[in-house]
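S.K.: Starting from the known structure of chain W, fit chain X with the ligands onto it as the hints suggest.
So you can see what is in the structure, the chains are spelled out below.
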Amino acid sequence: MTDALALAPVETVRPKYIGKPVQRLEDPRLLAGAGRYTADIQLDRMLHLAFVRADQAHAEIRAIDTNAAAAMPGVVAVLTAADFADVADLVATSRMQTYNATHCPLLARDRVRYVGEAVAIVVAADRYRAEDAAAAIAVDYAPLAAAIDPAAALAPGAPQLHPEVPGNLVLEREFRTGDAAAAIAEAAHVVEGTFRLARKSPLAIETRAYVADYDRGRDAITLFSSTQIPGVVRDALASLLHLPGNRLRVVAPDVGGGFGGKGSLYVEEVIVAALARRLERPVKYVGDRLEDLTSTSQGFDEVVEARLGLDAEGRFVALEAEVIGDIGAYSIYPWTAALEPVQVVSFLPGPYRIAAYRGRVRAATTPKPPTGPYRGVGRPMAVFALERLVDMAAVRLGLPPDEIRRRNLVRPEDFPFRIGSGIRWDRSGFLECLDAASVAADLTEFRRRQAEARAAGRWLGIGFASYAELTGIGSRIAVAPGMPINTGSETATIRIDATGAVTATFAMASHGQSLETTLAQIVAEELGVRPQDVAVVQGDTDAAAHGTGTYASRSAVIGGGAAIRATRTLLGKVKAAAALLFDVDPAEVETGDGVIFVPGTNHRIDFADLARAVYSDMAALPHDARATLEAQESFDPRLGTTTSATHLAEVEIDAETLAIRLTRFFVAEDCGRMINPLVVDGQVHGGVVQGIGVALLEELQFDETGQILSASLADYLIPTAAEVPSLGVAHLETELPANPGGFRGMGEGGTIGAPAAIANAVSDAVAHLGVGVATLPITPSKLARLLADNEKE
Amino acid sequence: MSEIDITLTLNGEEVRARAEPRMLASDFLRDRLRCTGTHVGCEHGVCGACTIRLDGVTARACLLFAAQLDGARVDTVEGLGTVRNLHPIQEAFRRHHALQCGFCTPGFLMTVAEILETHPLRTDEEIRDALSGNLCRCTGYEHIVRAVRDLVDARDGVTA
Ligand code: FES
Ligand code: FES
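Each protein sequence line maps, in turn, to chains W and X.
For the first sequence, position 594 (counting from the first letter as 1) is numbered 594 according to the UniProt record's numbering, and the numbering increases by one without interruption.
For the second sequence, position 6 (counting from the first letter as 1) is numbered 6 according to the UniProt record's numbering, and the numbering increases by one without interruption.
Because the hints were derived from the structure by calculation, they are not lab data.
Where a beta carbon is used, it is the ideal one built from N, C-alpha and C, also for glycine.
One should not assume that every hint holds.
Claimed, not checked - Listing some non-contacts, in silico: residues in chain W with all C-beta distances to chain X over 10 angstroms:
(1) D624
(2) V679
(3) L783
As the list claims (entries may be wrong) - Partial list, derived from the structure: chain W residues whose beta carbon lies under 10 angstroms from chain X:
(4) R24
(5) Q42
(6) P202
(7) E206
(8) G256
(9) L279
(10) V286
(11) D292
(12) V729
(13) E733
One chain only, chain W, in its complex shape (with noise of 0.2 angstroms):
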């Protein structure tokens, strides 16, 4: 079929797309208004659900009134906790020792543990009348003792918030390495400090929504759900509704950002799920702002006491850290309470050598929100602290801070290298981000700018921060500690079908990672194809047989790694096919650009033809050579890649209102081998202005009874562009990570580095005040009050 050809033989180099600033493929429909959001979605017959939730932190249920509800207009039905007597309570369940876990009921049964806890429901014909229903429902509440603050919930005597977590002390752990205590006693200088991370709302701009459609026919539901994690929520409520996964499928449709507030699983998925079975009907449930920030999972709320010794030429020589985190009132599914503050512990040596090392770690639960995944997960207080007192040292020392830090960061030559809490860093440019960083910085040109301004009554400041961080983690290491759930793998599906057209299937779920365009850049790359030419199926359950989702950098390295394997196999068959085509050998046989071609010879045709000729042309090929061209291929990198950088803030204070701008922030990372330097670019652009607001804005605040005080937008504050200035990013490449592609995982750094470089530097511009930054965010009110503090003693 070949010969017939009139074309010239044409050479083509395969042109490469890995590396390249491709344009997301995703974006026409996102911005045509064309994509398609849970909360997007109209079934026939759907019905709304409003949600009564817990206005009291810690209280006993007297009662719950839900007469005049059902009355009214367009109530389907009004549901308690006793309507979901069949439904388990979600248990986080761990393999650690010391980990005590809760119970966690869809709905509230004799007790509510935190304001915003789901408490009752209506369920209607639209939203507008399950919401009037929702507001006369009348719940009686006794309200008990409670500990809002974590060390008061640990002391003795404190009230309980369960039965089964004595003490409130869900978990304790403890790392050690060497003999810290001994050493900081002779360490020829220490520094210590007390730090504290404010919790904090991951805060997609999309609430989470869910939409469960019923197949009265085959007894199955579809659950649409904007979550990071379908895989994780299809094989949970496969046990707890007790259907098997091929009648549940867990479709995450376009999601509006997660950040780790959509990784977890949530009550209402379940209950959405078991209602549409139940009532035979479509139900949505769609949150409100206050909602989100009352009942999606939360990030940080820990403190971190810590000294770090070191010897007289400002060589680290030990740490020490005592940490308490606040979890919140229940342990999140399925990663358990332990995943954020156990990680502070873990990474809090950071990229350093310290020969010896003990961090301890308790969490107590209390009456608020439960904490869970977000953006940097237990590194970026980690990180906060120990750069903290990095800069305290150099001060301490008269060290510049890039010349404290290079003295101490792992060398090359010293990779492959463990931390004191066990952490294996492998090579990756700690070394090389802090030049360029330094470069970048000009210390002798800003002393001198900030002597100047100084002197105009303008405090200016520079930061430091240095970090490494795992991502893409295989098998060998539990994402959170002891958890029962694998997520070190992903399978990938590369197929031609009977058109030549190419689909990719995956197990993960894009939110904004760009994995539609990446995925199919690295299987164009490999096949010979155009990346427009791929399309990228994810975020559905069906799709593949196991998988967990997008979350903790992972996608890239583990996606990717599969892939290329995949995409590779499949090659092979192709090649196959078209080597009996063209009578020659398959290994002259080469691929590009949608071309199947043999270099110096007229063979040439494309992917149609091929697929034509494998799957339709019954003459083309004999029998047993038309295998279906499709591939299945696994990864599981075992352990994790090492991603690091060194971030670099500059801020300018105002002497007289103590207004802290943001005046530059550069980023120096190496996240090896970049798929496309246009998302790279933006993944750390969004992760460095959340650390923006984790150093300058976001906190949710909670009084001494537990109820929220910022809950609305206008309460809580996150960057917007104006607060927000240029950023510069440089990317270096050193050696290659031993993973299919070189590729390290990027999606969460920015978030780790910026808060502790932001502090650095407002530390640094209030440095002749005697004051320095201990607790972030760091507003101008905590400035006047830290300097007041100041004067006073």
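M.R.: Below, chain X with the ligands without anything else, positioned relative to chain W:
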């Protein structure tokens, strides 16, 4: 509550639907007129995801009642360009990777459409100020500012 008739010109086309007077304009556009490109991120006028143009001027659909759209000219993201024929503003957003999850994007596009007509936008700082009523949690704004800078340059005949 009884419903009323609402007639408006939506993206150049006269449409008509019924709604309770208390229904928010954002819900009306999304649920009744089935134009779901206008998103809802807060329902209290802060995030800007619901930004539409009402008689040419940007407005927050979540702060309006459906009844207020009666007789008005309303433009939403669906009126800009199509998937196969994007509007220059949409093209610029795509070129600069100015969207990630895309949830905030329709609101930004409507805001940008207006400020290109009304603001000089001489500096990036002016662009940032003009965009500060729209929240984006994904992009860190950097690429959005670059996209708008490109559009301003094209408008002003400046070659970069
Ligand atoms: S939804 Fe209207 S401003 Fe947020
Ligand atoms: S692109 Fe996700 S909120 Fe802006």
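S.K.: Hint by hint, say whether it matches the structure.
M.R.: Here is what the structure says about each hint:
{"no.": "1", "hint": "D624", "in the structure": "43 angstroms, holds"}
{"no.": "2", "hint": "V679", "in the structure": "7 angstroms, violated"}
{"no.": "3", "hint": "L783", "in the structure": "23 angstroms, holds"}
{"no.": "4", "hint": "R24", "in the structure": "7 angstroms, holds"}
{"no.": "5", "hint": "Q42", "in the structure": "7 angstroms, holds"}
{"no.": "6", "hint": "P202", "in the structure": "8 angstroms, holds"}
{"no.": "7", "hint": "E206", "in the structure": "4 angstroms, holds"}
{"no.": "8", "hint": "G256", "in the structure": "3 angstroms, holds"}
{"no.": "9", "hint": "L279", "in the structure": "20 angstroms, violated"}
{"no.": "10", "hint": "V286", "in the structure": "8 angstroms, holds"}
{"no.": "11", "hint": "D292", "in the structure": "9 angstroms, holds"}
{"no.": "12", "hint": "V729", "in the structure": "9 angstroms, holds"}
{"no.": "13", "hint": "E733", "in the structure": "20 angstroms, violated"}
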